[in-house]
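Protein chains in written order, with numbering that gives the first Met the number 0: chain A, 0 to 139; chain B, 0 to 649.
Rather than coming from a laboratory, the hints here were simulated on the basis of the structure.
Think of the CB as a built atom: it goes at the ideal place given N, C-alpha and C, for glycine as much as any other residue.
Careful: at least some of the hints might be erroneous.
[To be verified] Partner residues aside, some chain A positions facing chain B, computed with beta carbon under 8 Å:
hint, residue
1, 50
2, 64
3, 65
4, 98
5, 116
6, 120
[Claimed, not checked] 27 Å max Cα-Cα, derived DSS-like pairs, lysine-lysine:
hint, chain 1, residue 1, chain 2, residue 2
7, B, 37, A, 71
8, A, 76, B, 485
9, A, 56, B, 533
10, A, 76, B, 285
11, A, 56, B, 521
12, B, 37, B, 647
13, B, 418, B, 485
14, B, 285, B, 325
15, B, 530, A, 67
16, A, 101, B, 516
17, A, 56, B, 325
[Unchecked claim] Examples of chain B residues lying across from chain A (beta carbon under 7 Å, computed):
hint, residue
18, 410
19, 573
20, 576
21, 578
22, 626
23, 629
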Amino acid sequence: MNKHSILILLVLVLLIQSCGGGDEKTTPQENVDKGVGPIKTVFVGNIDASMVANGSKIFQAKCTACHKVDEKYIGPKLRGVTQRRSPEWIMNMIMNPEQMIKENEAAKKLFAEFMTPMANQNIPQDEARALLEYLRSLEN
Amino acid sequence: MKTKNYFISAIIIIALSAYFYSCSSKSDLSKDTDAASKVYVAPGSHDEFYGLFSGGFSGQMTVYGLPSGRLLKVIPVFSQQAENGWGYTEETKPMLETSYGFIPWDDAHHPQLSMTNSNPDGRWVFINGNNTPRIARIDLSSFRTTEIIEIPNSSGNHSSPFCTENTEYVVAGTRFSVPTPNKDVPISTYKENFKGNLSFIKVDKDNGRMNLEFQIRMPGFNYDLSRAGKAASKDWVFFSCYNSEQANTLLEVNASQNDKDFIAAINWRLAEKYLKEGKAKDEPGKYRHNVWNDDVHSATSTEKNGVKVLYPQDCPGLVYLIPTPKSPHGCDVDPSGEYIAASGKLAALIPVFSFSKMQKAVQEKKFDSDVEGIPILNYEAVLAGEVQNPGLGPLHTEFDGNGYGYTSMFLSSEIVKWKIGTWEVVDRIPTYYSIGHLMIPGGDAAKPWGKYVVALNKITKDRYLPTGPELTHSAQLYDISGDKMKLLLDFPTNGEPHYAQAIHADLVKPNSKKIYKLENNKHPHATLNEKDVKVVREGNIVRVYMTTIRSHFMPDMIEGIKVGDIVYWHITNLEQDWDIPHGFAVMGAQNSEALIMPGETQTIVWKPERVGIFPFYCSDFCSALHQEMQGYIRVSAADSKTEITFNKGQ
Ligand SMILES: [Cu+2]
Chain A
0 MNKHSILILL
10 VLVLLIQSCG
20 GGDEKTTPQE
30 NVDKGVGPIK
40 TVFVGNIDAS
50 MVANGSKIFQ
60 AKCTACHKVD
70 EKYIGPKLRG
80 VTQRRSPEWI
90 MNMIMNPEQM
100 IKENEAAKKL
110 FAEFMTPMAN
120 QNIPQDEARA
130 LLEYLRSLEN
Chain B
0 MKTKNYFISA
10 IIIIALSAYF
20 YSCSSKSDLS
30 KDTDAASKVY
40 VAPGSHDEFY
50 GLFSGGFSGQ
60 MTVYGLPSGR
70 LLKVIPVFSQ
80 QAENGWGYTE
90 ETKPMLETSY
100 GFIPWDDAHH
110 PQLSMTNSNP
120 DGRWVFINGN
130 NTPRIARIDL
140 SSFRTTEIIE
150 IPNSSGNHSS
160 PFCTENTEYV
170 VAGTRFSVPT
180 PNKDVPISTY
190 KENFKGNLSF
200 IKVDKDNGRM
210 NLEFQIRMPG
220 FNYDLSRAGK
230 AASKDWVFFS
240 CYNSEQANTL
250 LEVNASQNDK
260 DFIAAINWRL
270 AEKYLKEGKA
280 KDEPGKYRHN
290 VWNDDVHSAT
300 STEKNGVKVL
310 YPQDCPGLVY
320 LIPTPKSPHG
330 CDVDPSGEYI
340 AASGKLAALI
350 PVFSFSKMQK
360 AVQEKKFDSD
370 VEGIPILNYE
380 AVLAGEVQNP
390 GLGPLHTEFD
400 GNGYGYTSMF
410 LSSEIVKWKI
420 GTWEVVDRIP
430 TYYSIGHLMI
440 PGGDAAKPWG
450 KYVVALNKIT
460 KDRYLPTGPE
470 LTHSAQLYDI
480 SGDKMKLLLD
490 FPTNGEPHYA
500 QAIHADLVKP
510 NSKKIYKLEN
520 NKHPHATLNE
530 KDVKVVREGN
540 IVRVYMTTIR
550 SHFMPDMIEG
560 IKVGDIVYWH
570 ITNLEQDWDI
580 PHGFAVMGAQ
590 NSEALIMPGE
600 TQTIVWKPER
610 VGIFPFYCSD
620 FCSALHQEMQ
630 GYIRVSAADS
640 KTEITFNKGQ
């Protein structure tokens with residue numbers, strides 16, 4: 000784990016403590032397929048509107064050549080994906096697709112179905128997080 | 000290589016050496032597993048050095064991993080390359096513009112790595128175009144030619160592009176003297192009308208941008224090779240010159256009459272001072288300056304005219320001539336900056352000059368005579384020593400940093416190792432055959448990496464499976480870590496490997512670019528989102544704004560094109576992943592494909608001449624569905640009423 004992610008974790012821990020639970024919830028730790036890649040734990044709470052706005056912009060620029068929200072295109076339709084997959088899995092799929100479609104059973108299956116490899120669009124972690132938030136916002 | 004009679008003697012000597020060496024050395028090496036292990040770079044492992052080889056008459060540069068000799072890339076420089084659209088796409092065409100118009104070829108000779116403190120720094124590599132004098136700069140983060148500047152008043156840009164201590168300048172000496180400015184005169188008026196111009200190209204220390212700062216108007220000799228000084232001699236540049244007879248016909252005989260030609264020593268710091276003082280004259284000189292811009296993924300070509308010229312006669316102390324035996328080629332400065340080794344192709348010895356003695360001789364005015372007012376130093380007064388009986392046809396010297404010089408011998412096809420200070424030959428080894436330049440990683444630098452010397456050979460007769468009349472040129476890699484040089488590897492090269500340089504991979508590898516960021520793409524015809532694709536008619540010009548991503552084009556159905564239209568395919572690759580270019584090819588295109596890097600936009604022009612349906616497709620195998628990456632464009636008659644239609648993303 001690099002310094003950066005330790006720092007982020009620390010900040011997250013502090014945040015959880017300071018909020019004292021409230022209406023935020025963490026993802027359940029057991030029996031969840033988190034995929035393979037840099038993301039081990041993601042904290043998701045209420046939908047953050049500014050993150051959604053940012054995520055939507057990135058989605059338009061880097062993902063729409065292959066994904067539609069409500070229709071299968073080059074890749075799967077993405078509304079509903081946050082119900083199928085854990086937040087970590089989704090972020091790992093965005094940031095680390097090569098390894099995901101080689102080593103993660105669920106992603107391997109998708110690749111076998113779609114044949115085109117999910118593209119690595121060189122998305123940094125904060126942008127992947129914003130994309131996750133955007134995908135979450137599609138559920139409501 | 001200059002003339003036919005060297006060639007004939009070379010061939011005789013080759014035949015002889017082939018006879019002498021073939022049996023023994025070949026059978027030795029084929030059993031040498033030690034040699035094999037020294038150049039074995041396991042599959043998946045990386046080489047220790049990048050070798051940057053000129054392609055000679057291919058006009059390009061090739062990148063080899065060393066010590067394995069594996070070919071990594073051909074970088075298009077002066078020649079069109081249909082493989083990736085260099086010189087064919089609208090964006091790259093301006094790179095090959097010159098004052099003579101668009102030129103699709105040149106003869107590329109000497110790669111020169113940019114330097115910091117006289118050591119390669121891994122930022123850029125320069126290379127000269129000989130035929131239509133130019134210097135190119137290649138960016139070592141993208142391995143792409145990003146700038147080409149033409150050199151006016153020059154002809155046969157051979158002693159080029161050697162660089163000073165901190166890449167303040169790259170220099171460019173003319174091989175052929177010509178009238179300046181060029182004009183219609185009888186060739187027999189050579190002595191009176193022909194001049195040799197030495198050009199100093201200033202290099203911006205931050206972005207590498209080149210500027211023709213000044214020229215020095217020299218006597219009409221042939222300027223062959225050059226090196227800058229280091230440490231104490233860092234303010235100087237040394238040029239070898241031949242044809243001091245100023246012959247204009249049958250140079251193979253007439254330019255070899257004088258016992259001594261020259262090395263011209265030029266004080267470039269002093270030149271800068273004279274320039275500041277206004278000693279330079281403004282003179283005409285038309286040239287082009289072509290610059291690539293990564294933000295717009297395009298080049299621009301600018302026409303320029305005029306150059307500042309310094310005359311040695313007006314600038315005391317600017318130039319001294321050092322007499323040097325018969326037609327010197329290499330004039331190579333050792334790592335300390337004190338010694339200058341002059342390799343006279345027709346000489347029986349290698350004179351090595353001393354920079355400190357030269358300084359002393361200048362102070363004490365030990366001049367023998369002068370040429371057009373330029374003092375000729377006394378040979379004995381500047382000589383440090385002579386390497387006696389080195390072999391035949393000494394051509395070029397590099398250094399290992401451990402006190403030895405290595406000189407290539409063109410005529411006797413060998414490398415000769417000699418000791419700095421005692422000047423004695425300590426080892427020699429054959430090359431196969433007719434070695435021109437040689438190269439040691441960092442061999443022109445203050446701190447050579449040493450380890451290997453690479454022979455750059457012109458002739459390979461009998462070394463490989465024959466391939467008809469034209470045989471490959473080759474490079475040979477020798478281990479120089481011990482007392483005795485040892486041949487390890489022999490590999491064919493692309494074009495003529497005229498000269499090469501090598502740099503430790505650690506200085507280049509970490510900076511290697513992986514993609515161009517879409518958000519930085521400022522190409523005026525870029526399409527950054529599939530939903531923005533369009534096809535626009537402007538009179539008979541039709542612009543297709545297209546995107547690619549694995550594995551489809553958008554749009555991939557286009558109608559409403561007419562015979563006589565000029566179609567610009569502006570294609571943006573939306574991939575942001577390393578090593579995923581897409582290709583674009585359309586039936587009947589009279590230029591080439593385009594190969595578009597991730598995040599980049601490139602444009603191919605297509606002029607449909609027949610009605611019908613024309614497929615286009617991706618030529619770079621990009622995924623399992625690559626074969627599905629295709630589209631159709633419909634061409635109607637010139638007078639048809641078919642409207643432009645196309646499909647688009649959401
Ligand atoms: Cu493709």
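What are the numbers of the hints the structure violates, in ascending order? Violated: hints 1, 4, 7, 8, 10, 12, 14, 17, 18, 21, 22, 23.
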